[in-house]
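Visitor: As a plain string of letters, each chain reads:
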Amino acid sequence: MNIAEKNVSLSVLEGRAKFIRTETVRLSRIAGAGHYSSTFSCAELLASLYYEQMRIEPAQPDWEDRDRFVMSKGHAAIGLYPVLADLGYFDASELDTYTRLGSNYGDHPDMKKVRGLDFSSGSLGHGLSVGVGLALAGRMTKRDYRSYVLLGDGELSEGQIWEAANSAGHFGLQNLVAIVDRNGLSIDGHTEDVMSVEPLGDRFAAFGWDVQRIDGHDLAAIRAAFDSLKRGDHGKPQVIIADTIKGRGVARMEMSLDWHVGNLVGDDYDDVMAELEAGLKPYEPEAL
Amino acid sequence: MTKDMQDESEIFRGTTTGTTKLRDAKSVRGTPKAGMPAFVLGEELADIADSDPRIVVATADLASANRTNDFRDRHPDRFVNFSIAEKNMITAAAGMASTGLIPYVATFASFAAILGAEAIRTDCAYPKMKVRIVGHHSGMSMGFYGSSHHALEDLGMLRCMADLTVVCATDANHLRGILRASVDHPFAMYIRLGRGRDPVVYNDVPKIEFGRALRVREGTDLTIITCGSQVRASLDAAETLAGEGISVRVIDMFTLDQMDTAEIKAAAMETDAILTVEEHNITGGLGTAVGEVLLDLPRNKFLKHGVPDNYVEVGPPAALYAKYRLDVDGVAAVAREFLKA
Chain F
1 MNIAEKNVSL
11 SVLEGRAKFI
21 RTETVRLSRI
31 AGAGHYSSTF
41 SCAELLASLY
51 YEQMRIEPAQ
61 PDWEDRDRFV
71 MSKGHAAIGL
81 YPVLADLGYF
91 DASELDTYTR
101 LGSNYGDHPD
111 MKKVRGLDFS
121 SGSLGHGLSV
131 GVGLALAGRM
141 TKRDYRSYVL
151 LGDGELSEGQ
161 IWEAANSAGH
171 FGLQNLVAIV
181 DRNGLSIDGH
191 TEDVMSVEPL
201 GDRFAAFGWD
211 VQRIDGHDLA
221 AIRAAFDSLK
231 RGDHGKPQVI
241 IADTIKGRGV
251 ARMEMSLDWH
261 VGNLVGDDYD
271 DVMAELEAGL
281 KPYEPEAL
Chain W
289 MTKDMQDESE
299 IFRGTTTGTT
309 KLRDAKSVRG
319 TPKAGMPAFV
329 LGEELADIAD
339 SDPRIVVATA
349 DLASANRTND
359 FRDRHPDRFV
369 NFSIAEKNMI
379 TAAAGMASTG
389 LIPYVATFAS
399 FAAILGAEAI
409 RTDCAYPKMK
419 VRIVGHHSGM
429 SMGFYGSSHH
439 ALEDLGMLRC
449 MADLTVVCAT
459 DANHLRGILR
469 ASVDHPFAMY
479 IRLGRGRDPV
489 VYNDVPKIEF
499 GRALRVREGT
509 DLTIITCGSQ
519 VRASLDAAET
529 LAGEGISVRV
539 IDMFTLDQMD
549 TAEIKAAAME
559 TDAILTVEEH
569 NITGGLGTAV
579 GEVLLDLPRN
589 KFLKHGVPDN
599 YVEVGPPAAL
609 YAKYRLDVDG
619 VAAVAREFLK
629 A
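Those sequence lines, one after another, are chains F and W. First residue of the first sequence? That's 1 in this note's numbering, and the numbers climb one at a time after it. First residue of the second sequence? That's 289 in this note's numbering, and the numbers climb one at a time after it.
Keep in mind the hints are simulated off the structure, nothing from the lab. Glycine residues also receive a C-beta, built at the ideal position from the N, C-alpha and C atoms. Mixed in with the good hints, there may be bad ones.
Chain W side only, calculated, beta carbon under 10 angstroms to chain F, not exhaustive [as the list claims (entries may be wrong)]: (1) R366; (2) A373; (3) T379.
Extracted from the complex, chain F is given alone in its bound form:
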């Protein structure tokens, strides 16, 4: 499938991003805990990748020429499972087992259990190396698929990320695309307080990457960034730094340190679902 064939409107993608958020809230209730805010920050990115950009064929999850996706920030898998079910990789009713004993769907995703998942994740800092391997394999086997890796910004403190970034630049893996969900927070605080990642664009550029920086909740900007990526497997690896808002979509969670993992119950659950159904409102940071 290519982009033209998909011909997805931005309003459809907006709906899918909303679906990712509401499913995250629903599944978290089954588990009694969920990574709400880390998933909300990448909802538009996931929707754009899976419903528009990626060359995938859900009926053939092992298709050798498919684009690959590595969710390096594996704790946001709760937002990916509903997408995979929605696309037909597995029956959506399976999601009701989420995190329950024997389920295929845990907090961090297992490729041996989740149909359509290209690689397992959970231990932060590994995903970009997986992407390097996938990109090298594509080059070796002369397949023109692209490898997308979704990185969190907190995990950029892991040294292995920069081993991978360095090797991707050295090998000129233009078929590797990293997307940084730059939501600004890790568990203990603002990244720039806990461990700075800026100037992030300059850091990747110094390792030999092509860098774009966009508003990661603006679906038109996301589309434009993906559409401008270069094809081919020799050149420069490409990174899209997506500035996002952790917890985007639920006012009480936006840029809050209290909702990295949480559990909505009772009226709170209903209120949040209603807030999400109403659609994104402009982000209004609390006055200092």
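We have chain F already, so just place chain W on it with the hints.
Guide: For chain W alone, coordinates are given in the frame of chain F:
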């Protein structure tokens, strides 16, 4: 301490390239022993890759030391040098394996297994990626390079990882057999090598079946269960002991996580005592693994011999083997004392 032991410097020879071998050999003390076995890793993998396009080889700035440059020269498009970034190498290999390739990644065992342990477990074993991690210069074979470069814990660390097959290669032909058998093995593997130029035990390539040990000498009084560098030492010690009227069986228990329990039980039933000999910390390695099997059997006379639970002293490899009684005389002496006890 003999002068010969202090002159031991095979580690340097191991890092010379094919084209500069003679020059480098002259530049270090000691000269290569005539007929010293070749480091066959790269050559054998290149042979396999001639007819199997899935084979990929990677290293971490050690293409000369582990002779993966022999592979690189023949299959440059399927060779990757990740430089000194072992975690990235192992995880990237897992990514390659997810597409159907079969990567062999080689570096010093201390960095492959100990530094790379989490990448091995999380990215190779857990998702059942057919990555083959080759840890060479294992044990204390790096000698005076010190504990940072020793791997005396790798077997213990990796043996308890599910869906990871751990094997030790004894010599060049054994390594060839292991590599050939490894290609279609359905799990991730850790292949532990010594210096890669290890003394000959197998004159031909043995038939390899993972989970099946190789009995390399028959005997009735004592069974030595060993692996890797200690197979040759144990065989020579057995020869010495034979001259004293002691009959020693020697088993190459090269397959460490799938123990050959039948072979251990046979040794327990048919010989009077069992001694394990390993170039590894006495905790968690081969001896521990054999002991776990023996727990299920009637009481046996059993002793573990290996490196004490300490960081070993600095010294040339041969001197260290002598000090820790992992050379021929040392193994023979340990066996003698054990049988008398």
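Visitor: Each hint should be assessed against the structure and marked as holding or not.
Guide: Hint-by-hint comparison with the structure:
1. R366: Result: holds, 6 angstroms to nearest chain F Cβ.
2. A373: A373/W check passes; min Cβ-Cβ to chain F is 4 angstroms, inside 10 angstroms.
3. T379: 4 angstroms, holds
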